[in-house]
Amino acid sequence: QVRVVESGGGLVQPGGSLRLSCAASGSIFRIYAMHWYRQAPGNERALVASIISGTTNYADSVKGRFTISRDNAKNTVYLQMNSLKPEDTAVYYCNVIVAGVGAYWGQGTQVTVSS
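With the sequence shown counted from 1, adding 9 to any position gets you our numbering.
Hints in this document: simulated from the structure, not taken from any laboratory. Honestly, I wouldn't trust all of these hints.
[Stated by the list, open to error] With a straight-line Cα cutoff of 25 angstroms, these simulated SDA-like cross-link-like pairs (lysine to any residue) come out: (1) Lys83 - Lys94; (2) Lys94 - Gly111; (3) Lys83 - Gly111; (4) Lys94 - Ser30; (5) Lys72 - Gly35; (6) Lys83 - Gly35; (7) Lys72 - Gly109; (8) Lys83 - Val100; (9) Lys83 - Asn52; (10) Lys94 - Asn66.
Note that the structure is predicted; figures quoted are calculated from it, not measured.
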């Protein structure tokens with residue numbers, strides 16, 4: 010069994026910053042990939058950023074503002090979000106791909122960008 014827990018969401022003013030964390034625990038031999046998705050009301054869940062064996066990818070809407078990083082020793086992935094905009098408001102979800110086991114989701118953390 011694998012558990013995925015996100016933290017770090019909250020309310021921030023436009024132009025501000027937040028750092029999200031996602032920790033995976035349980036029966037993990039190797040994590041293949043870690044992703045951040047987000048879902049705004051009325052929208053589908055969309056991929057924001059990925060990190061796979063050190064290679065990172067970003068949605069066009071967040072390039073240059075968000076940075077994904079990973080601490081392999083802690084099975085933790087981070088999402089540093091800078092220059093936040095109201096359109097970044099969403100529930101942010103972490104998705105962890107455990108090699109040979111499967112994909113796991115966290116419960117989500119709310120990010121609200123508003124003045």
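Could you tell me which of the numbered hints above are not met by this structure, giving the numbers in increasing order?
1, 2, 5, 7, 9
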